[in-house]
Structures are given as structure tokens and as C-alpha cells.
Amino acid sequence: MNGMNRRRFLATCAVVACANLVVALVPAQATPLSMQAGVTKTEIRLGMTSPHTGAASPGYNKIPGAIKTYFDYVNANGGINGRKLTLLAEDDQYVPTQAVAKTNKLILQDRVFALVGTLGTANNLAIAAAVNPGRRGVPVLFVATGFSGFSVKKNFPTTFAMLPSYIMEAKIMAAYIRDNFAGKKLGLLYQDDDFGSDALVGFKQAGLNFDVSIAYASGAQGVSGVPATWITRLQSAGAEVVVLFGVSSATGAALATAAAMKYGPQWILGSVGGDATTLKAIGVPVGVLNNAVSSSFLPSTTDTADEYVKFFQDIYLKAHPTQTFDNNVLVGMNTAFLTAQAIKAAGKNPTRKSLIRAIQTRGSTFAGAGLTPLNFSTTSHVGYNGFWFGKYTVTGDLKPTGGVYTMYTTDSGNGAIVKSTYVRPAMPAKGLPN
Amino acid sequence: MHKAQKKQKKQKKQSNHIVLFIFFAFAIFLLSNRVDEFRVYQGASVAMFVVAIASIILLTGYSGQVSLGHGALLAIGGYSAALTRNYLDAPVWICFAVAILVTAAFGAALGTAAARLSGPYLAGTTLALAVGLPSIANQFSVLGGEQGLVFYVGFPPMRLGEDFTQYKWFFWIAASTALISMWWLQNILRSRYGRTWRAVRANEVAAELAGIKIGRSKVLAFTLSAGLAGLAGALLAMTISHVFPSAFPLTLSFLLLTGAVLSGITTLGGVIIGAVALVAIPQIADAIAIGLGNSENVVANLPGFLVSALLILTVLFVPNGPVEQMRAKRDHKIAHSRKL
Amino acid sequence: MMQLINTILIGVTSGAIYSLMAIAMVLVWRSTRVINFAQAGMALLSTYIGYELIQLTGSYWIALPLAMLAGALISALIELLFMRALLKHTSQGPIASVAPIIATLGLLGVIRAMIGFIWGNQDLILRGPLSNVGYTIGSTTLVFSPLKLFIITWVVAVMVGLTLLFQRTNLGLSLRASAHSPEISRLAGVRVDFIRTIGWALAGAAGAAAGMLQTPNGIGSIFPDSLEFSLLLVFGFIAAVIGGLDSLVGAVIGGLILGLVVAFVLTYVGGSLVFMIAFALLIIVLIVRPQGIIGVKAGRRA
Numbered sequence: 001m002n003g004m005n006r007r008r009f010l011a012t013c014a015v016v017a018c019a020n021l022v023v024a025l026v027p028a029q030a031t032p033l034s035m036q037a038g039v040t041k042t043e044i045r046l047g048m049t050s051p052h053t054g055a056a057s058p059g060y061n062k063i064p065g066a067i068k069t070y071f072d073y074v075n076a077n078g079g080i081n082g083r084k085l086t087l088l089a090e091d092d093q094y095v096p097t098q099a100v101a102k103t104n105k106l107i108l109q110d111r112v113f114a115l116v117g118t119l120g121t122a123n124n125l126a127i128a129a130a131v132n133p134g135r136r137g138v139p140v141l142f143v144a145t146g147f148s149g150f151s152v153k154k155n156f157p158t159t160f161a162m163l164p165s166y167i168m169e170a171k172i173m174a175a176y177i178r179d180n181f182a183g184k185k186l187g188l189l190y191q192d193d194d195f196g197s198d199a200l201v202g203f204k205q206a207g208l209n210f211d212v213s214i215a216y217a218s219g220a221q222g223v224s225g226v227p228a229t230w231i232t233r234l235q236s237a238g239a240e241v242v243v244l245f246g247v248s249s250a251t252g253a254a255l256a257t258a259a260a261m262k263y264g265p266q267w268i269l270g271s272v273g274g275d276a277t278t279l280k281a282i283g284v285p286v287g288v289l290n291n292a293v294s295s296s297f298l299p300s301t302t303d304t305a306d307e308y309v310k311f312f313q314d315i316y317l318k319a320h321p322t323q324t325f326d327n328n329v330l331v332g333m334n335t336a337f338l339t340a341q342a343i344k345a346a347g348k349n350p351t352r353k354s355l356i357r358a359i360q361t362r363g364s365t366f367a368g369a370g371l372t373p374l375n376f377s378t379t380s381h382v383g384y385n386g387f388w389f390g391k392y393t394v395t396g397d398l399k400p401t402g403g404v405y406t407m408y409t410t411d412s413g414n415g416a417i418v419k420s421t422y423v424r425p426a427m428p429a430k431g432l433p434n
Numbered sequence: 001m002h003k004a005q006k007k008q009k010k011q012k013k014q015s016n017h018i019v020l021f022i023f024f025a026f027a028i029f030l031l032s033n034r035v036d037e038f039r040v041y042q043g044a045s046v047a048m049f050v051v052a053i054a055s056i057i058l059l060t061g062y063s064g065q066v067s068l069g070h071g072a073l074l075a076i077g078g079y080s081a082a083l084t085r086n087y088l089d090a091p092v093w094i095c096f097a098v099a100i101l102v103t104a105a106f107g108a109a110l111g112t113a114a115a116r117l118s119g120p121y122l123a124g125t126t127l128a129l130a131v132g133l134p135s136i137a138n139q140f141s142v143l144g145g146e147q148g149l150v151f152y153v154g155f156p157p158m159r160l161g162e163d164f165t166q167y168k169w170f171f172w173i174a175a176s177t178a179l180i181s182m183w184w185l186q187n188i189l190r191s192r193y194g195r196t197w198r199a200v201r202a203n204e205v206a207a208e209l210a211g212i213k214i215g216r217s218k219v220l221a222f223t224l225s226a227g228l229a230g231l232a233g234a235l236l237a238m239t240i241s242h243v244f245p246s247a248f249p250l251t252l253s254f255l256l257l258t259g260a261v262l263s264g265i266t267t268l269g270g271v272i273i274g275a276v277a278l279v280a281i282p283q284i285a286d287a288i289a290i291g292l293g294n295s296e297n298v299v300a301n302l303p304g305f306l307v308s309a310l311l312i313l314t315v316l317f318v319p320n321g322p323v324e325q326m327r328a329k330r331d332h333k334i335a336h337s338r339k340l
Numbered sequence: 001m002m003q004l005i006n007t008i009l010i011g012v013t014s015g016a017i018y019s020l021m022a023i024a025m026v027l028v029w030r031s032t033r034v035i036n037f038a039q040a041g042m043a044l045l046s047t048y049i050g051y052e053l054i055q056l057t058g059s060y061w062i063a064l065p066l067a068m069l070a071g072a073l074i075s076a077l078i079e080l081l082f083m084r085a086l087l088k089h090t091s092q093g094p095i096a097s098v099a100p101i102i103a104t105l106g107l108l109g110v111i112r113a114m115i116g117f118i119w120g121n122q123d124l125i126l127r128g129p130l131s132n133v134g135y136t137i138g139s140t141t142l143v144f145s146p147l148k149l150f151i152i153t154w155v156v157a158v159m160v161g162l163t164l165l166f167q168r169t170n171l172g173l174s175l176r177a178s179a180h181s182p183e184i185s186r187l188a189g190v191r192v193d194f195i196r197t198i199g200w201a202l203a204g205a206a207g208a209a210a211g212m213l214q215t216p217n218g219i220g221s222i223f224p225d226s227l228e229f230s231l232l233l234v235f236g237f238i239a240a241v242i243g244g245l246d247s248l249v250g251a252v253i254g255g256l257i258l259g260l261v262v263a264f265v266l267t268y269v270g271g272s273l274v275f276m277i278a279f280a281l282l283i284i285v286l287i288v289r290p291q292g293i294i295g296v297k298a299g300r301r302a
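Protein chains in written order, with the working numbering: chain A, 1 to 434; chain B, 1 to 340; chain C, 1 to 302.
FYI, nobody ran anything at the bench for these hints, they're computed from the structure.
Beta-carbon label-pair distances, calculated as ranges:
| id | chain 1 | residue 1 | chain 2 | residue 2 | range |
| --- | --- | --- | --- | --- | --- |
| 1 | B | 176 | A | 82 | 46 to 52 angstroms |
| 2 | B | 152 | C | 56 | 54 to 60 angstroms |
| 3 | B | 180 | A | 362 | 51 to 57 angstroms |
| 4 | C | 85 | B | 180 | 36 to 42 angstroms |
Stretch-level coverage of chain C by chain A, calculated; a stretch enters the list once three of its residues show a Cβ under 8 angstroms from a Cβ in chain A:
| id | segment |
| --- | --- |
| 5 | 219-230 |
| 6 | 262-268 |
No residue lacks a Cβ here, since even glycine has one placed at the ideal position from N, Cα and C.
Using the sequences and the hints, build the whole thing.
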């Protein structure tokens, strides 16, 4: 090696070493070991990852703000046992590598007490395996995905679901179709990934066959001309009842294109993409929703006669006067509402263990906007497990069939579909955990 | 100079390198014991980026071909490794070897097509590949759809002690893989092939006249670069314990290109700078955003703004990377002092 | 039969929109040998400006040309203040092929972030001036509406305008000359730098038109990280490469081929692999003609 090369090489080494040193010297946040991570005398720190930016962020980017709004409300009313709830919300851009990196930061550096409302199937799977909150004992409360796997306690010991699974939704939807549209030609548009394939599992379990089913790649709805091909195929197959089991942007594109082609089957919208407020916000003319069937496990977001909807809407719009109150916000606020109760139930000095224990033993009694019971127990981490159906009015209000929320519940296996007799407990005073 | 002397010198050069790399490895592994778990995890990501960026530097910096689809090559490596692990229950190093071989084979095929294409056509093809390839995972159930495939490298061996964390094990695997590949790449670049690439890079026509088969040289570079990318994909899969289509978005391909420019596209020496930057800058940008942000709009968009602005400033003021910049400055100084 | 006609109509309309974006990419490529990834951001920013103009004037008809003008200005400014310095710095070595890509990606990020700062990360609705409900023949409705007719007319108008500019004017001659051989043009007295800026400005206007036309034809809203605009860029670029990057006619042919192939495969073969279709088409075209459909071998540089 000549002198120049050697010097160059040594210089490189020095740079590398320095870089590593810099990395090494950045101090980690010191926390007294005696305390539970993320819990101080005055604060309980929670973390979440979800897309704030990126192509998947529209709509979902309102969830952290919704959770924070409710936490702020609790904090303004004295917090939980004198402790404020803070949420560190990180942007994962809907990419699993980012979700893992940010969750590592939340757990190892910010030392959050628990994760809340972490969004997306792949992201949650990556977090569960790579960061392994299960082994670390970090609770993951109310993941925002309908993938049925997360409620399997054996695989995800500290994870709790909230949303009913996509499989449950498809099973109940199949029964609804059979009851109301027997003998009609059926069409299906679904997203060609776990979200759609879980739905297919549910439809299959319920024994429902579609005359025409169209898969679309996630993202393809944004390609000019693609939604029109879905509609021509549905139209030429003569589908009279069409299920749209996709995200909002795909559902919206399908509805808008169909309206432009004067194709008007009976629409049945999945709960993920069927929220009228979200559809309106992305530009779908509200008229095309008229008479479409959709479902939810929460009350309709426009149903201000519902005490939870009214309460959540009031505090949300006060904090975000320029925003609209949609289903994403409602889901986020309900997540925060359940979280606050869980922390309260975990005792005066909550630990991660006592938090998990509290949800397992008392979670099924938590108040919340959901219209089915929460199915938490020491053996089950399933949250809500059912849906009601309704039809959209011409102004985009989802009105339950028959004027009252009639809930049907089931499981993610081959269990039967049952009409629920559950009566939701009244909202605690002032909307604060009691 | 006698032949024997020359050979001796060459051997000395090689052994010097090995010594340096071993010294290096030792320093890094010592460091890994001194920092907390989060930094160790970041270290594993840095090591993954080192391999991925080196792959781009080999392709673009040395052989002059531009790929906008390296994310897709990483995906092929990641999926190959995961399939090998899950179906053959193979040891981790075999999974890595399979990742390298499969991706290199794919790279050879793509490179053969690519050698006919000039810059922008190749850029377009690789871009389309990066956008298209991940969606294939949803077509075959063996690839696991959006839920992907699990890729566990397993727990650290017991003899390393109770306190040896999973992340430290990731880091050891990733860092040693990165060191070995850098050592190998360094040697390749100093070999006949490296000289060939540099000659082609400097002047395609002159190189052709000198008897270099340009097409073959480009295909070889593409193949080796793809092999490295496959290895990086397997490392990426290790750090998130899975492969998913969504883990290899178009932005990943762009990110790697960014890392290569921050490193200095023509020198392997700066690769660590680019890799550290890719891991550190977003976090610093987040911290700045939270510190400055008074509205949701600012906090959400400031990190993207800072990273992009830094990118622009880098290509404007340090286009060839900090290492090359320092070297140019020093050469200038030397030339200057000689003149005096 | 109806399905066949509709499929052709879908292909032609979306092809026309890809073509506009492809034209923008080609104009920039011809003038500065840069693949402009910021085109998506510039088009989006122009569309946001168009949105504001619609709010202000209440008329899409006024907003559309003004948004194109804004697009031209933004694009020209970027070329003047930024690309010119960059290309001087990085004209040699491997960095020359990567620096413009990185720089325009950086620009894309900066523009998106600025849109986020100003308008926030939420959807804004931008409606078209004409109905998008299809024409009816007998009892069937075509996938062809007044809005789509307007889009195709506008694309044709842009094409004709550009062709006239390039073929019939001195400016056009300078544009062609400096794209073909900048050094000789410079010696012949062409103000090559100025001509480059003009090339960028034209591209900015074409991109703005693509954004303003696709938005009401698509779902009807804009967002800082708009998926539609990113894909418009990807498909526009693929169309430009298929067509041969140096040719405006090629860009239009590439756009139409891409639009028709995507429409036909999705309608008749089905499947969700729209992105792989684009990739396969690109590979097939480039295996047969490595320089694209209209590209010239001598034009292969950089």
C-alpha cells in the first residue's frame, strides 16, 4: 500500500470510528430504574406509530389528533390519579421498517409505558416480531387493524384488539346479503392483500359465492382509468348487488366512476372504506351514496342523539374547528376512551403487568361507544365482535335499518352469527373514567 | 521492480487490509457493548445500509449505470432468505448466501437487458420494476401476501451470556456481514475488474478501443451489485424479522440512492457516512420538528422538508460526497505547495 | 361490443393524461437531459394554485390557463435558480447521471412539504367545469363524458400548439437545435441557457394541465402526498420512455399505448397486477427497440 492510499485508508477508518463514537455518545434518556417505564408522579407516557405523511395517510392522519384531544380533555379534568396522559405519536409513513425503527425509539429511548392504536397489519406484525413487545412486557392497546391474528393471545400476549376482524365483518355481511338480496347477481371488489383475503375467508365460511369478483392492487385506484375498468366489468357481468370491500380511496373511486357511467347497483360498503364523511372529504359527491348499505360497530358518526358521538364530537370540534368529525376520529377517540379507563383500572401506581391484568379482568365492563360487548378476558384479547347495518340517506347519514341499531355478533372462526341482546352501559359522568 | 517484489508488495497490501478490517471489527464490537439497546439496533440498520449503499456505489459510481429499482432487488433478497429459512430450515448464513445468489442471478438477467439501455431508459425500467415487483407477493400464497413471511435468525447463542440481547445479535450478524462484504468489494475494486470499470467510466470509447468488452463489464457490475443488494435485503428482513411487500416501497430505492450521494458516489470510503446519515438524519429532523413545531402541519411536514433540503444542498455543494471533497481539497493544497 | 368500445375509451382518455405528463418529462429531458421527478410536485403545486384561483374567481375556465401559467413560472424559476447551478457543478463523472435525479427528488420533497405547510395535510376538493356523466346511446352509457371530451380536446390543443411552436417558429427552431447539439447552437448564436429555461417553462405548463385535468376526472381531490400525482409521474415517465424520451410524438404514442394496454388487460384478463403490466410493457418495448418507439439511436446520450 503506498503512502497516499494508506493515509486515505486510515482516514476512512478514523471517520468510521468517529461516526460510531458520535452514535455512541448521544446519551440515552435516563430514567430511575425503580419507577415503571413511562410513569412518573405527574405523567403517563404512551406511544403510537401511524402514517402522518405518505400516500396512505389521508384520513388515518387524523387519528393521533383524535386520541390527543381526548387525553387533553382528561388532563384538563385532573388526569388519571393526578397523572397527565401524554401521547408520543410517530410517523411511520405506513412502512414496516419505519414502524419498527420508531417503535424502538418509543420503547427503548422514550421509554413509553404502552403502545396505543398502532395502525396497519404489516406494521403491527413487524413490531410484534422485531421489537417484541410481548417479550418486553409492553402492552399494545387496541391495535388499529381488523386482522384477526392479533387477538390470538398465544402469539401476541400483550396485544389487545379493538376493531372487529375483517372475517367477522364478511361473515355478518354475507348473512345480511342472504337475508335481503337472495337470488340477485352478486359482485365484489376487494383489495388484493390480507385485508381482502380475510374478507374472502369470511365470505367462504358463510358459504356466499359472488358471480363476479375483482381484485385490485393496493394503490391501483390512483391510476387514471383503472377504476373505470372495474365498473365496466361489474356492469357487463350484470351484477345487481355489489360489495365494495376496500379502503376509502378505492371505494370512492368506484362509486364516483359508477355514477359517471350511470351504473347503479345496490352498493354494500365495507366498514373500512364506507364512511360517508371520509368519502365526502375526498371528493365523492354525496348523492351517489344514497341508499347504499354500510355497516359499523360504532354508532353512526352523524348520530348526535348518541351520547358518545355527541360528547366526542363536541370536544373534537372545539379543538379542531376546521376539521370534520369522521369515522377515523370516532375510532381514535374511542381508543383513547378505552385506554384511559384501562389505565385507571390498573391502579394507583400502574405497571405494565397491572395494566394488562386490568384489561383482562375488567376490560369487558369498560364503557365505550361500541355497540357490542368487548370480549376481553384472561383467555381472549378480542375487542368488539359485531356489526349493525344501515342505509345512507341522500345527505350521507347512515341510518340503521328499522331505526334502531340491531347488532349481529360472531367470531373469526366458524362460529354462528347471533343477534345481540347486549345493552351498552351509559357513558360515565362527564365522559371521564370512573 | 522485480516481479517477486511486486508480488510481495501486493501480498503485504492485502494482509494490511485484513489487519485493518479486523481491528475495525474489534472496535465496533467493543462499541456495541458500551451503548444502549436502541443504538445497537440503529447500528444494525447502519450496517444494512452500508451493504445496500455499497451496492449502488459499485453500480453507479464504478460502472456508470443508474438503478432506481434497488428496493426491488432488496425485496428479492429478503424473500429468498425468508423462503430458505422457512422451508429448508437452513442456517442463517446459508439463507444469506441464497439471497446473494438468487438476487445476483436476477441481476444478471436484468443487467443483460440493461446493458443495451442508456441512462434514462435504464432508470425508467428499474423504476417500473420497483413499483411493480412488490405487488407480486399478493399473487402467490407461498409469498404470504401483505402479511409477508417471517424471517427469524434465532436467539443469540447461549454462550454469549444472558445479557446478550436480540438486537446485539442482529448487530453482530449485520456488522460482520457488512465488514466482510466491504473487504471483498474493496478487493474486487482493486482487481482487474475494478480497473476495467474505472476505464469504462472514464471513457467508454477509449475503453472499447483498448479491447474491453463494455457490455460484459456492465453485466458483471450489475450482477455483483444485485448480489450485494440481495444481501442487504436479507439484513433488512432480519432487522424487522419479516418480509412484506410494503417494506420495499419506491421510496426505499430513492433512499438508497440518497445514501449513495451522501456517501460520495465514486468512493467506497464514505459509505459509512451515508449509512449513518440515513439512520440519524430522520431522527434529528423529527426532533427539530417537534422542538420547533407549533402546529400539526409544521410537525408533520418539517422532517420531510429538512431531509429534502439537505439533499438539495448536498448535491449543490458536495456533489461527490464529503470524502471526495476532502481529497480534492488536499490534492489542491499539495499541488499548490509544490508550485511554491 | 359495448365493453370493447368502453375499454377503448378508457384507454384513450387515461392515455391522453399520461401523454401530457410524458410531454412534460420529454420537454425537460430534451432541454437539459434531466429526468424531472419533481414534475409530480410541480404539477401538484400548480393544481393547488388552480384550486385557489377557482376559489377566487369562481371559474375553472379562468383557473386552468392561469394554473398553467403558474406552472410555467414555477418551472422556469426552478431551472433558473437551481438546476442551472446544479448542472454546472455536476457535469462530470458518474455523479452527472445521478445528481439531477437526487436533486429533483429533493425538490419533490421540498415542494410537498411546502404544500403541507400552506394547505395542511387534508384533502381539498377540486371540481371540473363539465359533467363527468357519460354520453348515452340508446340504453347504454359510454365511459365518455363532456369532461373527458374536453380533456382530450385540451391535450390535442396542447400537442398542436407545441408542434406549431417547434416546427413554425424561430423559438421552436432554437429549441430543437439546442436540444440536438447545444454547443453548435451556442456557436450559431442561440441563447442556449434562455432556451433551456423556456423548455422547462413549457414542461411546467404541460404538467400543470395534466394535474388540473386529471383531478376532476379522478376522484376529485388533492392532497400533499397525493397517490394520484405520484402515479401520474410514474406512468408519465414510463410512457415517455416507451415513446423514446426525445420525441413529443413518441410521448403521445407511448401514453396511448400504455393507457390502452392497461385498460385492455385489466378488463379482459383481469388480475390486480396493473404495475407489473406497465413494467412488462416497458421491457417488451425496450427489448425490441432499446431507444423507445420514436427514439433515435444518435439521441442516446448521458
